[in-house]
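Trainee: Residue numbers (our numbering), protein chains in the order written: chain A, -16 to 129; chain B, 755 to 1068.
Everything labelled a hint here was simulated from the structure, so no lab data went into it.
Certain hints may be false.
Said to hold, decoys possible - A few chain A residues that face chain B, going by a derived Cβ cut-off under 10 Å, partial list only:
id, residue
1, -9
2, 14
3, 17
4, 19
5, 27
6, 75
7, 79
8, 80
9, 84
10, 113
Stated by the list, open to error - Stretches of chain B that chain A covers, calculated by requiring three or more beta carbons in the stretch to come under 8 Å of a beta carbon on chain A:
id, segment
11, 895 to 909
12, 1048 to 1055
The structure presented is a predicted model; accordingly, all values stated were derived computationally and were not measured.
Built from N, CA and C at the ideal position, the CB exists for glycine as well.
So the chains spell out like this:
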Amino acid sequence: MDELRGVIDRFEGTLAVIVLDDAQQLLWPRALLPTLAQPGTAVHLQFVLPSSTIASEESCSAESTLSAETEISAELPAKVLYDALSDRWQLELTNGSVLYWTAEMFAPLEAGQLVKLRLVVDLEDTAARRKRVQSLLDDLFGDSGT
Amino acid sequence: MRRSYVKVKRRQLQWSVFSFLVLLVVLSVWLLLSTPAEPPPSPVVTPTEGTLTTASRPPLTVAFLDVGQGDATLIHSPGGNTMLIDGGNSRADAEKVILPTLKSWNATRLNLLVITHPDQDHIGGLPHVLESFPVDRVALTGQVHTTQTYEKVLTLIRDKKIPAIKTRRGTMLELDPLLTLAVLGPDDAAVEQNDTNNASIVIRLTYDRISMLFTGDAEKPEEEAILESGADVRAQILKVAHHGSPSGSSQRWLQAVAPEVAIISVGKENPFGHPGYEVLTRLTQSNITVYRTDRHGTITVRSDGRTYQIFTER
């Protein structure tokens, strides 16, 4: 699995809450979202391998001001962490938001290493999800759902 | 000599009995004052008038559950029916808070489930609730939202053939003949917008002379729409909208509702800065007593329809 899928659930002030299909939640700075990203928009999260080596706290925070690159994708720096308690690898954004991923993604990396997390808007998946939900609502309300 | 000895003995005995009785009274009073009468602990505040007379009138119990940064409110009606408004943020909220509370109330089913709006922090525990507890009816707006959680919730409602009530301003929900559950918002236009908060189901519950207002995540636009509709929003107990976010709870709204008590469901040290300083200030300056789940844990209101009492978990 080289990407996670989810939806921008809502905006809370300056943050966007992304709810992934595996029920994880991620906070993404609203100002650094792609311009097409709105609540309800489906997104992919991709793991971008680093060009540099071990990250320092300074470089991590310095790059956290990245702006949205295009209409459909944006990247944020993240740090690779190993959670010994749960024996799981995770990515930590500079705002402290944490995301677990499959272990094989971390095989070439080590704890403390800087990577990037790319968020890509998926308009096709958004439309497909809306259609499925509308169909469910039609079933529930006898085709009179809004 | 013998007589005087007996007299002294008798006086000593009388004194001892008197001292013992005094000690007994003091101990009884101390015990009475220091032991809570009944769970839940920390009874606080505030009959509005008279004394609570639950012996003659069946009680309404409303528990604002401590589900961290989310919303879940359980209601046990005077006639013994149960209702859940929203389902917390995650499966853990259902497993650790909602279902155990239902079980502690000896509830065997939910007579009514209300989904105020489809944001994750209001529906996160609902798949698990729907999978593990019988639900008779579900009230929802039918707004489209695309998370997997919402899709799961709708799929479970459909597959379990649970009747769904398309809920709008003017809908009267039924739970108990002694209660009125009037839906004050949203209207069709709000549901058609891509704004989940301002299409929240807002309910005014009335039990005789006591009213409570449940507001979901309604913000200023929905507050204004409800006020413009001319609905009676007055309530002694206000569940503050949107976890106390400054996007809602305007001065005009608070003046119209005129609550005595405000309850904020909010997570400790949440990343969103809830509740907002402005909202807390407005509540305090209006002399409204504030309870918060992050500080007080689960907050329970009990009422006989004439008076109410509030109990906090901590």
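Trainee: Taking the hints in turn, state whether each one holds.
Mentor: These are the hints, each one checked on the structure:
1. -9: holds, 9 Å
2. 14: For residue 14 of chain A, the interface hint is violated, since the closest Cβ of chain B sits about 15 Å away, which is over 10 Å.
3. 17: Violated: closest Cβ of chain B sits about 16 Å from residue 17 of chain A, beyond 10 Å.
4. 19: violated, 13 Å
5. 27: violated, 14 Å
6. 75: violated, 14 Å
7. 79: holds, 8 Å
8. 80: holds, 8 Å
9. 84: violated, 17 Å
10. 113: Nearest chain B Cβ about 6 Å off; hint holds.
11. 895 to 909: With 13 residues close enough to chain A, the hint holds.
12. 1048 to 1055: n = 0 at 8 Å, threshold three: violated.
Figure legend: structure checked against the earlier numbered hints; hints not met, in rising order: 2, 3, 4, 5, 6, 9, 12.
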